[in-house]
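Sequences listed follow chains A and B, in order.
In terms of the numbering used here, the first sequence has 90 at position 90, counting the first letter as 1, and numbering is strictly consecutive.
Here the numbering used here runs 786 ahead of the position in the second sequence, where the first position is 1.
The set of hints was computed from the structure by calculation and includes no laboratory data.
Don't take each hint at face value.
[What the hints assert, rightly or not] Per the computed footprint, the stretches of chain B lying under chain A, defined by three or more beta-carbons under 8 Å from a beta-carbon of chain A, are:
(1) 843-857
(2) 866-874
(3) 892-901
[To be verified] Quick list of in silico lysine-lysine cross-link-like pairs, PhoX-like style, CA-CA up to 20 Å:
(4) A:Lys562 x A:Lys622
(5) B:Lys844 x B:Lys875
(6) A:Lys47 x B:Lys844
(7) A:Lys47 x A:Lys243
(8) B:Lys844 x A:Lys130
(9) A:Lys174 x A:Lys274
Here the structure is a predicted model, which means the values were calculated and not measured.
Glycine residues also receive a C-beta, built at the ideal position from the N, C-alpha and C atoms.
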Amino acid sequence: MTDGIGARVARKEDKRFITGKGKYTDDIRMENQAYAAFVRSPHASAKVTGIDASAAEAMEGVIAVHTGPELKADGIGDIITGWAITSKDGNPMQCGVWNPMVTEFARYVGDAVAIVVAESQDLARRAAEKVSVSYDELPATVFADHALETDAHQVHENVPGNLIFNWEIGDEEKTDAAMSGAHHVTQIDITNNRLSPNAMEPRSAVAVYDEAEDHYTLYTTSQNPHVARLVLSAFYQVAPEHKLRVIAPDVGGGFGSKIYIYPEEIACLWASMKTGRSVKWTSDRSEAFMTDAHGRDHVTTAKMGFDADGKIVGFHVDTIANIGAYVSLFATATPTYLYGTLWSGTYDIPAIYGTVRAVHTNTVPVDAYRGAGRPEATYMIERMMETAAREMGMDPAELRRRNFVKEFPYQTQVLLQYDSGDYDALLDMAQDAANVSGFAARKAEAAGRGKLRGIGYSTFVEACGLAPSAAAGSLGAGVGLWESAEVRVNPVGTVEVLTGCHSHGQGHETTFAQLVADRFGLPIDSVSIVHGDTDKVQFGMGTYGSRSGPVGMSAVMKALDKVEIKAKQIAAHVLEASEVDIVIEGGEAKVAGTDKTMGWHEVGLAAYTAHNLPEGMEPGLKETSFFDPVNFSFPSGALICEVEVDPDTGVTEIVQFTAADDFGTIINPMIVEGQVHGGITQGIGQALHEGVVYDDSGQLLTGSYMDYQMPRAADVPSYTVSHGCTPSPNNPLGLKGCGEAGAIGAPPAVINAIIDAIGTDNLQMPATPQAVWTALQSAKMPMAAE
Amino acid sequence: MDMTGEYRIAAPRDVVWHALNDEDVLRACIPGCTELERTSDTELSAIVVQKIGPVRAKFAGDVELTNINPPASYTIQGEGSGGVAGFAKGGADVTLAADGNETILSYVVNATVGGKLAQIGSRLIDSTARKLAAKFFDNFQAHLNENQPDKAG
Numbered sequence: 001m002t003d004g005i006g007a008r009v010a011r012k013e014d015k016r017f018i019t020g021k022g023k024y025t026d027d028i029r030m031e032n033q034a035y036a037a038f039v040r041s042p043h044a045s046a047k048v049t050g051i052d053a054s055a056a057e058a059m060e061g062v063i064a065v066h067t068g069p070e071l072k073a074d075g076i077g078d079i080i081t082g083w084a085i086t087s088k089d090g091n092p093m094q095c096g097v098w099n100p101m102v103t104e105f106a107r108y109v110g111d112a113v114a115i116v117v118a119e120s121q122d123l124a125r126r127a128a129e130k131v132s133v134s135y136d137e138l139p140a141t142v143f144a145d146h147a148l149e150t151d152a153h154q155v156h157e158n159v160p161g162n163l164i165f166n167w168e169i170g171d172e173e174k175t176d177a178a179m180s181g182a183h184h185v186t187q188i189d190i191t192n193n194r195l196s197p198n199a200m201e202p203r204s205a206v207a208v209y210d211e212a213e214d215h216y217t218l219y220t221t222s223q224n225p226h227v228a229r230l231v232l233s234a235f236y237q238v239a240p241e242h243k244l245r246v247i248a249p250d251v252g253g254g255f256g257s258k259i260y261i262y263p264e265e266i267a268c269l270w271a272s273m274k275t276g277r278s279v280k281w282t283s284d285r286s287e288a289f290m291t292d293a294h295g296r297d298h299v300t301t302a303k304m305g306f307d308a309d310g311k312i313v314g315f316h317v318d319t320i321a322n323i324g325a326y327v328s329l330f331a332t333a334t335p336t337y338l339y340g341t342l343w344s345g346t347y348d349i350p351a352i353y354g355t356v357r358a359v360h361t362n363t364v365p366v367d368a369y370r371g372a373g374r375p376e377a378t379y380m381i382e383r384m385m386e387t388a389a390r391e392m393g394m395d396p397a398e399l400r401r402r403n404f405v406k407e408f409p410y411q412t413q414v415l416l417q418y419d420s421g422d423y424d425a426l427l428d429m430a431q432d433a434a435n436v437s438g439f440a441a442r443k444a445e446a447a448g449r450g451k452l453r454g455i456g457y458s459t460f461v462e463a464c465g466l467a468p469s470a471a472a473g474s475l476g477a478g479v480g481l482w483e484s485a486e487v488r489v490n491p492v493g494t495v496e497v498l499t500g501c502h503s504h505g506q507g508h509e510t511t512f513a514q515l516v517a518d519r520f521g522l523p524i525d526s527v528s529i530v531h532g533d534t535d536k537v538q539f540g541m542g543t544y545g546s547r548s549g550p551v552g553m554s555a556v557m558k559a560l561d562k563v564e565i566k567a568k569q570i571a572a573h574v575l576e577a578s579e580v581d582i583v584i585e586g587g588e589a590k591v592a593g594t595d596k597t598m599g600w601h602e603v604g605l606a607a608y609t610a611h612n613l614p615e616g617m618e619p620g621l622k623e624t625s626f627f628d629p630v631n632f633s634f635p636s637g638a639l640i641c642e643v644e645v646d647p648d649t650g651v652t653e654i655v656q657f658t659a660a661d662d663f664g665t666i667i668n669p670m671i672v673e674g675q676v677h678g679g680i681t682q683g684i685g686q687a688l689h690e691g692v693v694y695d696d697s698g699q700l701l702t703g704s705y706m707d708y709q710m711p712r713a714a715d716v717p718s719y720t721v722s723h724g725c726t727p728s729p730n731n732p733l734g735l736k737g738c739g740e741a742g743a744i745g746a747p748p749a750v751i752n753a754i755i756d757a758i759g760t761d762n763l764q765m766p767a768t769p770q771a772v773w774t775a776l777q778s779a780k781m782p783m784a785a786e
Numbered sequence: 787m788d789m790t791g792e793y794r795i796a797a798p799r800d801v802v803w804h805a806l807n808d809e810d811v812l813r814a815c816i817p818g819c820t821e822l823e824r825t826s827d828t829e830l831s832a833i834v835v836q837k838i839g840p841v842r843a844k845f846a847g848d849v850e851l852t853n854i855n856p857p858a859s860y861t862i863q864g865e866g867s868g869g870v871a872g873f874a875k876g877g878a879d880v881t882l883a884a885d886g887n888e889t890i891l892s893y894v895v896n897a898t899v900g901g902k903l904a905q906i907g908s909r910l911i912d913s914t915a916r917k918l919a920a921k922f923f924d925n926f927q928a929h930l931n932e933n934q935p936d937k938a939g
């Protein structure tokens with residue numbers, strides 16, 4: 001079947017996207033729509049001493065100005081975090097209170113102080129400028145490594161020393177013993193740079209309050225509308241779930257930043273009720289830089305011990321994670337259970353221990369961003385391997401091979417059990433594709449042109465499809481991590497698949513349809529995928545953490561199993577055969593070994609006319625399933641980057657990039673390659689270009705694309721991508737997830753290549769021309785002195 | 787931002803000192819200044835329209851003079867709010883040294899910006915400030931020349 005599993009099917013949804021016919025939240029126009037703008041704190045840390053909205057309220061067309069204390073007085077709850085972490089001393093974490101709008105203290109530049117509702121967007125913004133807010137400026141704490149110092153300003157009254165938690169994982173005693181007996185110990189001090197997610201579509205919300213029904217509808221840029229509804233109902237007390245519908249229509253990219261329920265959505269819903277108008281807010285790019293949850297921002301010291309053969313004996317990690325002014329929805333899980341649990345990397349490490357201290361600062365909240373914890377772990381481990389190989393005079397690929405996990409399942413020292421993999425095979429594949437044996441000649445040729453050529457490796461394993469629900473719950477998760485699916489066969493044989501996952505660039509409308517096409521031999525055009533509406537889909541957890549394949553598609557497979565069984569029973573009854581002899585393929589139900597067939601549409605019609613069903617069978621052909629995996633899935637990969645550095649300017653050019661990944665079974669190679677390409681490009685962005693900068697008073701200095709550099713097409717080469725396959729045993733299709741892999745694996749490959757080129761590892765991300773040039777000069781200095 | 791500078795002004799120190807304390811002179815010489823009123827012996831309020839990179843804003847602010855030591859030095863401190871454009875605040879230690887019939891004015895400025903100014907204009911603050919300082923002293927010299935023609939030669 002041409003549209004089935006493994007087929008390189010063009011994305012069904014792209015036609016509407018590339019012809020400008022996508023329907024995004026900002027495209028929604030309600031009849032009585034008004035517009036919101038937010039008054040935001042220009043200070044990182046300040047007490048609000050007065051708000052004078054009279055000038056704004058006096059403007060013609062301004063409907064209302066509301067503030068944080070009013071919202072709180074109406075019983076709207078504080079913003080919650082979804083995962084409770086316990087510190088190593090047994091104490092629960094301490095989180096600062098997050099009011100959707102400031103009630104007393106503004107804690108980051110961009111903290112919302114008031115909402116202005118007006119007849120037009122322009123008017124709302126102009127009126128917001130007229131709201132006069134008096135501030136008493138306070139000292140600000142900005143940087144992760146400063147937050148724990150005694151002279152740091154305390155961001156929240158109830159969080160002493162800004163320490164949210166001090167979490168540990170692994171066996172300290174065993175690791176200390178292993179390290180003290182090590183033949184060689186390598187230490188690295190690295191930062192993982194702070195990133196702005198920069199989805200192409202900015203966040204937007206349209207809140208519609210229907211007074212007659214006392215019912216709310218929220219159109220919003222969400223990766224998980226059901227989670228949004230649950231949280232808005234259960235915790236923010238906006239409305240009970242049956243009185244709140246959340247719709248996430250076409251969403252133009254998320255990368256994690258649209259998982260969370262932000263203050264603006266809450267304020268718009270509340271303002272819609274207060275004003276009796278539909279209220280729309282759409283972020284501009286400046287607001288996005290200021291208020292979208294940032295990613296990463298770690299400061300880490302790590303030590304790895306080796307024996308005389310280069311075999312790892314122990315690994316010790318200490319990380320400070322900057323969580324920002326408030327603790328966002330997944331902010332506590334990201335630097336713990338999505339980070340510390342990956343410290344074994346692709347390696348067999350007998351002893352691991354580490355701590356993560358999460359701190360409040362006067363910066364925008366930091367949360368999961370494409371990869372979420374796993375890029376931080378991979379970057380640390382893979383820079384460690386590069387540095388250790390250099391120190392021990394070993395080939396970095398050989399050092400990796402010597403330590404690879406080789407037998408599966410593999411139980412790490414940090415909770416996870418890897419399902420399947422073949423890391424040597426992936427590295428072989430990548431080395432062949434990258435023509436590593438020809439590198440020396442390429443380096444010599446580059447030297448002739450005055451360029452420093454370097455090669456860098458990265459191997460990674462990551463964990464996708466966070467699971468199972470019971471285990472996550474025991475570790476502090478506030479939700480289950482299963483997924484639901486409903487398969488509806490219509491009377492004419494077309495099929496609708498309802499999924500709790502949400503597509504915002506992943507191509508679900510194509511790949512989920514391929515599952516149905518594969519099962520029944522139908523063209524994918526006769527299948528539609530329904531998602532993103534809490535009134536249509538009963539419940540689901542949304543899309544993040546590369547879960548839609550391993551978890552979401554597995555739920556679809558289970559529902560398809562049920563549909564297939566019933567369809568075969570109907571066909572067997574109509575065709576007067578035994579159901580074990582019925583085969584469904586090519587859009588037909590056939591009696592094996594005979595010429596008796598009935599079309600798929602006839603099976604559908606039979607189910608709904610119910611004129612001739614087996615005795616006792618209920619009419620209809622629609623099945624629901626919930627899938628809760630027994631474990632994560634563990635994609636892995638080997639990436640090889642080659643760079644050329646101009647020693648005079650520090651400019652790095654990526655001249656070759658090779659990835660060999662194991663995603664288990666692949667549904668659509670073209671979409672997987674697209675995900676890998678995008679992920680690698682984002683990883684290169686982190687490695688070379690991107691970095692959020694706050695000054696020491698907490699002012700955001702990278703507030704536009706003039707100062708925050710995204711990777712462009714001209715910055716990256718054409719990638720060579722190939723795939724190995726060890727199917728995951730943890731889901732029916734053997735899927736592993738591919739959405740984040742590139743962003744996880746790419747940064748260390750790039751940085752290791754630059755380090756190889758310039759001969760010093762005194763380099764942090766982003767490796768801008770200035771940073772590389774400075775590293776080069778610092779490397780030259782001792783030589784000059786000799 | 788930190789900035790230091792020195793200007794030679796072709797006028798005696800007393801004249802320069804008085805001009806630097808004359809709100810009419812300052813209003814005329816500060817680039818973009820549309821209003822400047824004295825609110826007390828040592829305080830002024832001002833409105834200045836400025837463009838820094840892509841940010842154009844009207845700053846309303848208060849300025850205070852301290853450490854007044856006529857005719858040799860003072861410290862000028864102020865804070866201005868430009869609405870959604872953000873804010874700027876800072877101070878300058880200004881010293882006047884007589885050099886014959888001329889005056890050497892030196893200053894040490896420390897200033898910070900916040901809000902949108904910081905987000906999209908921070909790279910341009912230094913160069914803009916230098917440009918504005920140069921413009922101010924050009925205006926200031928021209929003003930002195932015009933009003934004291936007998937001393938110009």
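Is the listed coverage of the region 892-901 of chain B by chain A valid when you require three or more residues with a beta carbon under 8 Å from a beta carbon of that chain? That given contact holds, which follows from 4 residues of the region 892-901 of chain B lying within Cβ reach (below 8 Å) of chain A.
Are 3 or more residues of the region 843-857 of chain B near chain A, judged by a Cβ distance of less than 8 Å? violated (count 0)
Are the Cα positions of A:Lys174 and A:Lys274 separated by 20 Å at most? 60 Å, violated
If you draw a straight line from the CA of A:Lys47 to the CA of B:Lys844, is it 20 Å or shorter? The given pair, whose Cα atoms are some 24 Å apart, is violated under the 20 Å limit.
Do three or more residues from the region 866-874 of chain B put their C-beta atoms closer than 8 Å to C-beta atoms of chain A? It holds: at least three residues are needed, and the region 866-874 of chain B offers 4 whose Cβ sits within less than 8 Å of chain A.
Has the given pair, B:Lys844 with A:Lys130, been kept, meaning a C-alpha gap of at most 20 Å? Roughly 13 Å between the alpha carbons, so the hint for B:Lys844 and A:Lys130 holds.
Regarding the pair A:Lys562 and A:Lys622, is the alpha-carbon distance no greater than 20 Å? OK: A:Lys562 and A:Lys622 at ~9 Å, within 20 Å.
Going straight from one Cα to the other, do A:Lys47 and A:Lys243 come out at no more than 20 Å? 36 Å, violated
Hinted pair B:Lys844 and B:Lys875, Cα distance within 20 Å: 14 Å, holds
Hints 1, 6, 7 and 9 from the earlier list are contradicted by this structure; the remaining hints agree with it.
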